[in-house]
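*Asks:* Sequence:
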Amino acid sequence: MKSEGKSRLVVGAGADINVEQWGNGKLTQVGFFRATMHVQEVSLFKNFFLLCDAYDSLHFLVWRESDKSLTLLAKDYEPVNVYAAGIIGRGGTMSFVCHDDRQNAQFFQYAPS
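All residue numbers for the sequence shown refer to UniProt numbering, where the first residue is 1 and numbers rise by one.
Where hints are given, some of them may not hold.
Said to hold, decoys possible - Calculated lysine to any residue pairs in the SDA-like style (CA-CA distance at most 25 Å, straight line):
1) Lys68 with Phe45
2) Lys46 with Ile87
3) Lys46 with Phe60
4) Lys75 with Gly25
5) Lys68 with Ser43
6) Lys2 with Val62
7) Lys68 with Ser3
8) Lys68 with Ala111
9) Lys75 with Phe108
10) Lys26 with Met37
Calculated directly from the structure, the hints in this document are not laboratory data.
Nothing here was measured: the structure is a model prediction, and the numbers come from that model.
Using the sequences and the hints, build the whole thing.
*Replies:* Here's what the structure looks like:
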């Protein structure tokens, strides 16, 4: 991930998403998010993250460089079993597509006012 001219490494393990920075010959954790799911896939678009899980659907996060935080912006409160997900950015809106256990493609949209 590249944010404000700084390169970061994003690492997902279980319920944890870590943002790491390389410096002085080692990786240092600069941010993290603990999800309420077992993260199956992480998709990145600019400084936005889409997390998906086979049982707990989607979580949408933003990385804020100013305070080095990952913040939950939205999640699916009616979870479906998700096998794959992706982000579509168009204009000022963010859309997400996911493939569920019933072989449907579902679309979600994030458009804050």
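*Asks:* Taking the hints in turn, state whether each one holds.
*Replies:* Verification of the supplied hints:
1. For a cut-off of 25 Å, the pair hint linking Lys68 to Phe45 stands: about 17 Å separates their Cα positions.
2. At roughly 11 Å between alpha-carbon atoms, Lys46 and Ile87 fall within 25 Å of each other, so this suggested pair holds.
3. At most 25 Å may separate the alpha-carbon atoms for a hinted pair to count; Lys46 and Phe60 meet this at roughly 13 Å.
4. Under the criterion of a C-alpha separation no larger than 25 Å, the hint pairing Lys75 with Gly25 is inconsistent with the structure, at around 37 Å.
5. Distance restraint check for Lys68 and Ser43: the Cα-Cα separation of roughly 19 Å lies within the 25 Å cut-off, and the hinted pair is therefore satisfied.
6. Pair hint Lys2 plus Val62 holds up; C-alpha atoms about 13 Å apart against a cutoff of 25 Å.
7. Pair hint Lys68 plus Ser3 holds up; C-alpha atoms about 10 Å apart against a cutoff of 25 Å.
8. Pair hint Lys68 plus Ala111 holds up; C-alpha atoms about 23 Å apart against a cutoff of 25 Å.
9. Taken as a hint, the Lys75 and Phe108 pair is honoured in the structure, with Cα atoms around 10 Å apart against an allowance of 25 Å.
10. As the CA atoms of Lys26 and Met37 are separated by approximately 29 Å, the hinted pair breaks the 25 Å bound.
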